[in-house]
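2 protein chains.
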Amino acid sequence: MENRKNLMKKIKTALISLSDKSNLLPLLKVLKKNKVKLISSGGTYQAIRKLKFECLEIAKFTNFNEILDGRVKTLHPKIHAGILYKRNKKSHINDLKKNKFESIDLVIVNFYPFEKTIEQIKNHSKIIENIDIGGPSMARSAAKNYNDVTIVSSPENYNDLINELKLNKGSTSLDFRKKMSQLTFAETAYYDSVISKYLNDVLNIKFPNKKIIHAKLIEKLRYGENPHQEGAIYSMSQKSQINQIYGKKLSYNNYNDIFTAIEISQSFERKKGTVIIKHANPCGVSLDPNGLRSFKSALNCDPLSAFGGVVLCNFKINRKLAIEMNKIFLEVIIAKGFNDDALKIFKTKKNLRLIDISKVFPNEMFKFKSFDNKILIQSNKTEIFNSKDFEVVSKIKPNKFQLNNLLFALNICRYVKSNAIVLSKNMTTIGIGSGQPSRLDSCNIAIEKMTRFNKTNGDIFAASDAFFPFVDGIEKLIQSGVTAVIQPSGSIRDKEIIKFANSTNTILVFSKKRYFSH
Amino acid sequence: MENRKNLMKKIKTALISLSDKSNLLPLLKVLKKNKVKLISSGGTYQAIRKLKFECLEIAKFTNFNEILDGRVKTLHPKIHAGILYKRNKKSHINDLKKNKFESIDLVIVNFYPFEKTIEQIKNHSKIIENIDIGGPSMARSAAKNYNDVTIVSSPENYNDLINELKLNKGSTSLDFRKKMSQLTFAETAYYDSVISKYLNDVLNIKFPNKKIIHAKLIEKLRYGENPHQEGAIYSMSQKSQINQIYGKKLSYNNYNDIFTAIEISQSFERKKGTVIIKHANPCGVSLDPNGLRSFKSALNCDPLSAFGGVVLCNFKINRKLAIEMNKIFLEVIIAKGFNDDALKIFKTKKNLRLIDISKVFPNEMFKFKSFDNKILIQSNKTEIFNSKDFEVVSKIKPNKFQLNNLLFALNICRYVKSNAIVLSKNMTTIGIGSGQPSRLDSCNIAIEKMTRFNKTNGDIFAASDAFFPFVDGIEKLIQSGVTAVIQPSGSIRDKEIIKFANSTNTILVFSKKRYFSH
Chain A
1023 MENRKNLMKK
1033 IKTALISLSD
1043 KSNLLPLLKV
1053 LKKNKVKLIS
1063 SGGTYQAIRK
1073 LKFECLEIAK
1083 FTNFNEILDG
1093 RVKTLHPKIH
1103 AGILYKRNKK
1113 SHINDLKKNK
1123 FESIDLVIVN
1133 FYPFEKTIEQ
1143 IKNHSKIIEN
1153 IDIGGPSMAR
1163 SAAKNYNDVT
1173 IVSSPENYND
1183 LINELKLNKG
1193 STSLDFRKKM
1203 SQLTFAETAY
1213 YDSVISKYLN
1223 DVLNIKFPNK
1233 KIIHAKLIEK
1243 LRYGENPHQE
1253 GAIYSMSQKS
1263 QINQIYGKKL
1273 SYNNYNDIFT
1283 AIEISQSFER
1293 KKGTVIIKHA
1303 NPCGVSLDPN
1313 GLRSFKSALN
1323 CDPLSAFGGV
1333 VLCNFKINRK
1343 LAIEMNKIFL
1353 EVIIAKGFND
1363 DALKIFKTKK
1373 NLRLIDISKV
1383 FPNEMFKFKS
1393 FDNKILIQSN
1403 KTEIFNSKDF
1413 EVVSKIKPNK
1423 FQLNNLLFAL
1433 NICRYVKSNA
1443 IVLSKNMTTI
1453 GIGSGQPSRL
1463 DSCNIAIEKM
1473 TRFNKTNGDI
1483 FAASDAFFPF
1493 VDGIEKLIQS
1503 GVTAVIQPSG
1513 SIRDKEIIKF
1523 ANSTNTILVF
1533 SKKRYFSH
Chain B
1023 MENRKNLMKK
1033 IKTALISLSD
1043 KSNLLPLLKV
1053 LKKNKVKLIS
1063 SGGTYQAIRK
1073 LKFECLEIAK
1083 FTNFNEILDG
1093 RVKTLHPKIH
1103 AGILYKRNKK
1113 SHINDLKKNK
1123 FESIDLVIVN
1133 FYPFEKTIEQ
1143 IKNHSKIIEN
1153 IDIGGPSMAR
1163 SAAKNYNDVT
1173 IVSSPENYND
1183 LINELKLNKG
1193 STSLDFRKKM
1203 SQLTFAETAY
1213 YDSVISKYLN
1223 DVLNIKFPNK
1233 KIIHAKLIEK
1243 LRYGENPHQE
1253 GAIYSMSQKS
1263 QINQIYGKKL
1273 SYNNYNDIFT
1283 AIEISQSFER
1293 KKGTVIIKHA
1303 NPCGVSLDPN
1313 GLRSFKSALN
1323 CDPLSAFGGV
1333 VLCNFKINRK
1343 LAIEMNKIFL
1353 EVIIAKGFND
1363 DALKIFKTKK
1373 NLRLIDISKV
1383 FPNEMFKFKS
1393 FDNKILIQSN
1403 KTEIFNSKDF
1413 EVVSKIKPNK
1423 FQLNNLLFAL
1433 NICRYVKSNA
1443 IVLSKNMTTI
1453 GIGSGQPSRL
1463 DSCNIAIEKM
1473 TRFNKTNGDI
1483 FAASDAFFPF
1493 VDGIEKLIQS
1503 GVTAVIQPSG
1513 SIRDKEIIKF
1523 ANSTNTILVF
1533 SKKRYFSH
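In order, the protein sequences belong to chains A and B. Each residue of the first sequence is one higher than the one before, starting from 1023 at the first, in the working numbering. Each residue of the second sequence is one higher than the one before, starting from 1023 at the first, in the working numbering.
The following block holds chain A by itself, in its conformation from the complex (with noise of 0.2 Å):
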């Protein structure tokens, strides 16, 4: 008892310094009650003012006046001592009381708004201008002492110090101020990381040799890839964020699988199309003027591995596509927008989970993932293809349409995890390979996958992810109907593969470039 008392802090003091000066009453009401003492200065100590509570200003508890435009006020010794100094040691006491010092026991802050400035104006000097300097300064103070001193650095904190004051009579135990602290270093983290990200992007900095990353939680998911695993997922900026709108909770494999539709689907540009994700590969592509046909074309590809997968259109579902749609098992779909008549049939079913995307749209120039203890990071892959890059090496020259299918069959396999290989027709996959060792073994799960639900007549055309090591590959897929073929080259058998596409009238287009996916 007598140790859980001495854990206790009395507080007397609070020095409150705010930007958002929001929800300010019922904090001050319980400070009040509490017998608290209240510093303040500037917009802050007129809010409280304009409230009716007793308040001093910062510049009378300092006897110095605030200067700069208020950018020096409270970095001064007798606010950051009043935090900073140690109860329980006499030397720190004497230090006080020889300066004539007072302690201060409570500190609640919160900064300029950084973040949304930088969202919301563009002129840099005016983006500095909201750093914030005092603000952080004396959030550190408090949070290092939170032995001695209690730190509230949001408005979301308000209510948890109104419970603790009440609940321990004007007290705080250490538990409350170890919270706090932690939370504030967070937000000194966060803020200074904004700023940081700010500044390299400015500067154009890709690899800054110290990188910060910060996000906000989005939510807590019920597990990871698997039940056993924990997961949560966090957002990065407040741009561009998924909105679902119907159905269960999301889970960490529903949102990885939405975010490589999404990346799929942003690689259309402005053509209208679906994709179908299982296991976070394509099993279904089709781009179609018409979208209940993108559809019905994309689910044919490979009609048993749709099965409870995610499908994505990029347009407004209407109530024939619903019908459609809800014939078979999703998991989730993903729109631009619903129609009315289609939500209301969507939502016969309740394991569906909707998702729109009318407002995503790309932010990001970089991915990363880490692996134990390192991060490795890489820009995107969604460059739009340019034709200059392309070289027709075979004989027989591509008219536009047959250009056109190869650049799609391309498109979609860079999203395929290698080794990929890509089949389609029409602007369609009809065939998908993904995630083999050898080229060879995607070639053959691409062109099983066409014979087992697709007619191999008419124009096929292949697309491989980087160059094929040996002829074998694409020796196969020409004997299994395909008529065009586009790949990356750079093997050294480069001239026996066109050699032999010549012998076999092929459509053969060098790529240049590799798309390898893991």
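Zero decoy hints are in this set.
Note that identical chains are pooled: a pair holds if it fits in a single copy or bridges any two copies.
Straight-line Cα separation of at most 25 Å, BS3-like style, residue types lysine-lysine; simulated pairs:
hint, residue 1, residue 2
1, LYS1191, LYS1054
2, LYS1238, LYS1391
3, LYS1403, LYS1389
4, LYS1111, LYS1034
Just so you know, the hints here were simulated from the structure itself, not pulled from any lab data. Model, not experiment: these values are computed from the prediction.
The hints should help you fit chain B onto chain A, whose structure is shown.
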């Protein structure tokens, strides 16, 4: 010309406050040459005086004696106003004059070594004592006012400053000051991120509302997954680094494969074995007390795919094994050390890279990956199997050898991209089906590999990363020679599957846990 001149700022007064006092001499020489007045205190003051340079004590500059064992010395308006005032603003200049404050044009500071401290000591109070308050405050003030003030916050930039002052005869350019400001906010953000992570760990907070990740650049890579993508690798802590002892620079894909191999090998515990990786998937794994045999067996799983692969041996490689490995083309060989004889043999190959992982051990509990502006985070799946989780559901019960082999297959299975099927024999994979949208397809691929490269007699074990939705997959496996199966269970057809196993005298074990991997 006029404009450029205005952007130049003459350094007249410098404030120096250092935790790391190394490499000061050349810097002090240049400052002296340019008649810069130095202000400092404590250990830095003594270090400067010891090098025979003149220096004014901060206490004399501010007329305020440092208190609280140095906790409060630079947190003074005279310091911060001297840094923060805008040199082109009349009211600011007047504020300075009125208070008899002086200009501070250059701040050289580095912080208490918090990161080193938490690596070296465990005492929480001492760790907290190492949170620097004054340093970051000054650094942030100077970095905010980079328009007028030069900030150097790391000894790494002393030479840059020396060169800048030499080039501009005691002045600094706006570009330089901006660059230093950017580096400083990276420094303060990194610093508080380390503190934040430390406090999260102390309080066991896994998914904080605001998450900040800090990392140091190991190296910029030649490119990312593909030559047209930029890439880099970062490290979140200095503990546990892979050590490249021979060969060309590692590529993004090398790192990706190396980390996958290490992760798998860490699941072996103390058992000796070899892992072969291709395109981030294992294509051969074998445990064997005889290292040479473990390599040969792993290779035999899919010798074609192993071509150009990444091989990991969790033991020291000797001459005999090196001779065997040198027979095929490998990109990377990873081991817990190499005998000198082995090294000599490997060094005949120009394109081979050798990695020593003797000092690598797992650190982080969580993995993350980004998609545009989102981050998915989850705990690792490296938990050790618990025999209580497993339930033998077939009439025929596995003996210890059989159960061990089933667990081996399941263990590898959780590192194969889903849907994953692993076939094994004598603690060696003999067929791996990876990355398919349908489980049956993965079964077929695994079987195809087994029959192409391996004998199909004797006990053959199969593991599936998730339940079989239908009997067809397991039926196919058993028809192909599989004698025992382990799978999570959870299908509505579990009973049917048990019945089928019993009707074919197959051992069937439910692992209860699912092991998706994407």
